[in-house]
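**Q** Chain residues, written in single-letter form:
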Amino acid sequence: MTRETIVRRLGAAQRTLAFALAVRALGIAIAAGTAALLLFALVDALVGLPIGLRRLGVPFALAAAAAVLLRDAVTRIRPAFTASAEQVALWFEQRIPTLRYSLVTVVGGPSTGDSAPLLGAASAAPLERTARTAARLAIVRPLLAAAIALIALLAAPRGAMARLTTPRAGDSLDRPGAAARGAADPLAAIVVRVRPPAYTGLPEQVIDDPSSVHALAGGRVVVEGRGSGVDAQVGDARVTSVERDGRWQLALSVPVEPLGVRLKGAARERVLVIEPIADSVPVARLDVPTRDSVLRAATGTVVLRAELRDDHALADAAFEYVVSSGAGETFTFRGGRIAARTFPAGTGAARLDGSFALDTLKLAPGDLVHLRAVARDRNDVTGPGVGASETRTLRIARADEYDSVSVDPMPPTEPEKNALSQRMILQLTQELRARERRIGVDQTKRESRSIAVEQTRLRKRVGEIVFTRLSEDQGEHAHFAGDGHEHGPERPVDPDAVLAAAEAASNVDRSAALEGEADESPVVAINRPLLEAYNHMWQASTELEVGNPRAAIPWMERAIAALQRARAAERIYLRGRPPRVVVDLAKVRGAGRERSAPSARSARAALDPDREARLARFDSLLATVASDPLGATDALLLLRLSLPPDERASAAALTAAADAVRKGGDVTAALQRARRALAGPPVRTEALGPWGR
Amino acid sequence: MESGLRAGAVLALVAALVRLVLAAQSGGVPRAHVRAEGGLAPRVRDSISAHARAGERVTWSGAVNDIAATSEPVRDPSARTRILVAAAGGATIGDSLGAIDSLGAIDSLRAGGGALTTAGLAGAVRVSGARIESRPSAQAAIPTEARTVSRIGAVPARLLVIGRIGWESKFTIAALEEAGWVVDARLALTDTLRVTQGRSGNLSIATHAAVVVLDSTAASQSGAITRFVRAGGGLVLSGDGAATFAALAPGRTERERAGDRDAFDRNDAKAGLPFRPLTAVRSDAVLLEVRGSLTSVAARRVAAGRVVQSGLAETWRWRMQGGTNGPEEHRAYWSNLVATAAAATSVSTSATTDLDEAPLATLVDRLGPPIADAPPTVPPSQTVPAWLGLAALSLLLAEWASRRARGVA
Amino acid sequence: MADFIFATAQYDSGDWDSAPLVPANIIDSVARYTSIDVAATGVIVPLGSRDLFKYPLVYLTGHLPVRFSESERTTLREYCARGGLLFVDDHNHDVDGEFHKSATEEIARAVGPLKDLPNDHALYRSFFPFADGPPTTSHELNGWGDNLVHKHLQAVLRGDRLAVLYSSKDYSSEWNYHPDNKRYFSVDNTKFGVNLVVYALSR
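One line per chain: the protein sequences are A, B and C, in this order.
Residue 496 in numbering that gives the first Met the number 0 sits at position 497 of the first sequence, with consecutive numbering throughout.
Residue 283 in numbering that gives the first Met the number 0 sits at position 284 of the second sequence, with consecutive numbering throughout.
Residue 76 in numbering that gives the first Met the number 0 sits at position 77 of the third sequence, with consecutive numbering throughout.
Rather than coming from a laboratory, the hints here were simulated on the basis of the structure.
Since the structure is predicted, the reported quantities are computational estimates derived from the model, not experimental observations.
Among the hints, erroneous ones may be present.
To be verified - Calculated Cβ distances over 12 Å to all of chain A for the following chain C residues:
id, residue
1, Thr135
2, Asn146
3, Val155
Stated by the list, open to error - Selected chain B positions facing chain A (Cβ under 8 Å, derived; list incomplete):
id, residue
4, Ile99
5, Ala114
6, Leu115
7, Thr117
8, Ala173
9, Glu177
10, Gly179
11, Val182
12, Leu192
13, Thr195
14, Gln196
15, Val285
16, Thr339
Glycine included, every Cβ here is placed at the ideal spot set by N, Cα and C.
Pulled out of the complex, with its shape left as it was, chain A reads as follows (with noise of 0.2 Å):
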């Protein structure tokens, strides 16, 4: 044999010798892997993990096996395969000892061992059987481990290692030993499943052993345990559950107030809280139009578009009209729906847009278009909820009505596009202000006062309007002497007094009510703003004018603020001002002819007349905490049914107690927020005042 055919042989047992080691690596990664999901499985059937816990046994596991095979990789099997040939017969002599190194003689090289007694030893040398002993001895008990490890996973109760592989809320009932837990006390462990209403396209949610559980009203709470007879007490009704393979099942209604179900088993009862939720109203925004309008003619195209979200699936929406005409006593109405739309299940937010032309609602001078946008939720149990949006008014001015700057030619299309220029010259400014340091102080000079001259402009327009009001009849409520009523004393009025009026109504408090003084005439009272605008912005002109553009700013943003409410109160006063009458108290101060008979006063009660009693009852429960850790539980639940619906600080502090008593530790913390919910914060003064008891 020569020596290249030693070296071959030698290869070989080496390959065989490095599988061995390969699946022995393997064989005892499953053992291990095995013995540490085992062993989760014993601590959860020990003490219960927590499902957060469980979801790590398996990938503990797999880490477990993953780090014996890298270990084994790299220290055997990766020195197994890359051994030298001089490496492997190296390991073949100490296990031949027969062969007195003529292997590694021959291995070595040409030069060393070619000589025949050393070939003829060396093709000697059972190599083949000597790699599939120690191959057969490195697999055997890391095969075997593997084995007895798998077999003890098989053997495993089922439930434990489902709580392992496919952890999940509710599966405390599957906990090994809970069947005979529940068959001495089935009420030690419950699992609630919640089933909101279908319509909401929300999926059950499971919740092991809890004390209280939120639930949509109108929708369904089960609950089950191990072992049987199990009853319910829900109010004066009695709920048997059912029974089947060990478990009982309850299923109950949420109802639309907090209740309170008494579990009742065979050994003690057990309180659990249903906590509704209430449905919200779907929440509609109308972006456009984006504000009210007075319009001079009832032509054109409103668009409209509006912003739609529910907390679980929209319905349906359109817009929503109502055409108000007449005036005086006599009104007649009519509305409609435009752009209508349903939605698909499952639709949380949508946008809605749509639009009509006015002239298809043949409307005339005076009347009033009210716009909404309005959507419906699919709740089909406790609704369907409805929610809308805030409301525009469009109205048609007439003709015999003030030139107001409010009135616009025709429907605003885009946000604030018939604004007032007063905004694009707001802008203006405040580029200008923003290029101030690039083009130098004479170009800004030179713009701000082209700037100047628009915003002069503007001003003598909103002069014009105002002076031509104070000229002119104060319509269609106007009085005369003799007709019954009391009259405040009427002014002439000329452009010195809008002047000078102007600079006053600039210091009036703007949040008082449009009332006006009493010497005012009404007119000058509805055109305040008017003229609190004309006075910002002559300050804006001047600043402009000397070049100051950063100065002219916050007059223009007052000039805009007080457009604003001069629009507004153009609006209100739809009619001019009402009529002021001052009853002569002197006069009619007890002429009254008619007897009276006033009844008592009946007393209101206490804002919260049980919150001693309750603080009592917390108090007393108190002392069963360490005693009876279960019944105090109960009682803290009970407590917190016994709250008003606002208290619901309270009420989560008091659900949070019962928690804790039940899970057992140290409660203290939990017990003493409670107390404070119940109390209500104390109120501390630092210092002792001079009187006493």
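Given the coordinates of chain A, assemble chains B and C onto it according to the supplied hints.
**A** The following block gives chains B and C in isolation, referenced to the frame of chain A:
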């Protein structure tokens, strides 16, 4: 030489005698010395003070910060307790469930201390003073009376409110009723017509805690109200009602002044209310609230009763126009005013045995002031040192030996 | 300042000033029958303004649809929670009308749903006795509007106190005349207004 020996012995004996006399004058070395860092538990303190009273000399030393605390029920239907604390470095107040709140360091001598008003106390209240300059804090234990007292006296807290019909009477009664008071009302509608509520019988401290007079319409009942107050009832005067009860009121009211117009926007409704400053305040009156240099609320005792006078006007605006907590503050204001005046009754206390309302003061009272240094730790048997006696004996023996040696008897 | 000032609510969406003489008429009646320190004229207060809280009784009427803005809704909600009373009267006297439909919807949204007020409520005994509940108006009897005589007023209650009182009986038309003209009536038809004011001031 024998004389010298004799003289030496006499000197040693005299020295021993002097030490004895001095020790006797100073009370001797104390039998017990206590280090009371942070105070002593009441039982330990009482045990040691028993020894002191029995004639044994007991001293103590240690750094104990001053603290004193007491509690009283708030005399309104809320069943709250007010815990008053004086502690220079501030204090933490808690009960069996843990800390409730704390009071900051009381720097101002005028302030004197602080108070915490709360409901729902569990068990005894403990007040711990703060550490000052590394000295440990003391703890005060005070009785909790309020939990055993849910009413003022044993009857519901009933009031009589008199005024004319209007927003002030409406919302004042609403605030008091919402706070849990039971209100009888007499509201004038016309000269002859009234809107009434509740009982119409005689006014008595057996049935009513206080009377609230909102304006001058109570003049017809001034006699009955005065008798009620003198018998121990409470009287709250508001508006122009004080003029009718000038003999009882703490002061006179001036003309009405406007409140701060911007105060409502600042969420300080009380400052926005108009008010009539109290003037010519009697010397026995106590000023309870001031606005700048002007008095807005004052109180005084009249015979067995109490009279509280408030100069605030249109308090209903506090409820309607006040900030987010306006209604609650308005309610608390009126309930506190009435509680300040309400009739005092005997209050039962809980049977708490481990009381220690002022630890340092009690310790000083029982054991005297602390000593600066620890006394010498010399047992009494060594008050007269042994060597003095030995020296005296040796000298006498030597003198006797010398005489014998000379053959002298 | 007078103890009681009659306030009329001014809202954005409709003809809030449709009954401008009602305030003076009620003020006149209150002065005739009681000693209440009432202001000689009423005030107008925007419904969305914080000024609303200065007037714990507010009157609202109109013919046109009522659509509150968000600020009006929020202000009204807080106003009622603090103890204010809003009296709403449908000047159309029409339960199918747009004022009624829109106003009741807006009130439900802002404060709460309206329910029939029992005819033995304290409101009907607060000053003059109305044993049969709310007095009938001439508009009801003349067949105006919905041609119905409404037996009940409607209300939102806070406890047992009125927060919103709603009328479909058109008291706005009934009371919208100059108080000097009372001398022409044999029976004062504004007495129920006095009940409302006395109730608001005393309950």
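**Q** May I ask you to test the interface hint for Ile99(B) with respect to chain A, counting a Cβ-Cβ separation under 8 Å as satisfied?
**A** The hint holds - Ile99(B) has a Cβ within 8 Å of chain A, the shortest such distance being about 6 Å.
**Q** Using the nearest Cβ pair, does Ala114(B) come within less than 8 Å of chain A?
**A** With a minimum Cβ separation of about 4 Å from chain A (threshold 8 Å), the hint on Ala114(B) holds.
**Q** Taking the closest Cβ pair, is Gln196(B) under 8 Å from chain A?
**A** Result: holds, 4 Å to nearest chain A Cβ.
**Q** Can we keep the Leu115(B) interface hint, with Cβ of chain A closer than 8 Å?
**A** At about 5 Å, which falls below the 8 Å cut-off, the nearest Cβ of chain A leaves the hint on Leu115(B) intact, so it holds.
**Q** Go through the hint on Thr339(B) and say holds or violated, using the shortest Cβ distance to chain A against 8 Å.
**A** holds (6 Å)
**Q** Regarding the assertion that Asn146(C) does not contact chain A, is the least Cβ-Cβ distance greater than 12 Å?
**A** holds (15 Å)
**Q** Can Val285(B) be said to touch chain A, with a Cβ gap under 8 Å?
**A** holds (5 Å)
**Q** Under 8 Å, Cβ to Cβ, is where Gly179(B) needs to be relative to chain A, so tell me if that hint holds or is violated.
**A** holds (4 Å)
**Q** Closest CB-CB distance from Val155(C) to chain A, is it above 12 Å?
**A** holds (16 Å)
**Q** Under the criterion of a CB-CB separation shorter than 8 Å, is Val182(B) in contact with chain A as hinted?
**A** holds (6 Å)
**Q** Would the hint on Leu192(B) be counted as holding, given a Cβ-Cβ threshold of 8 Å to chain A?
**A** holds (6 Å)
**Q** Hint validation: Thr117(B) versus chain A, beta carbon distance must be below 8 Å. Holds or violated?
**A** Result: holds, 4 Å to nearest chain A Cβ.
Of the hints listed earlier, there is not a single one the structure fails to meet.
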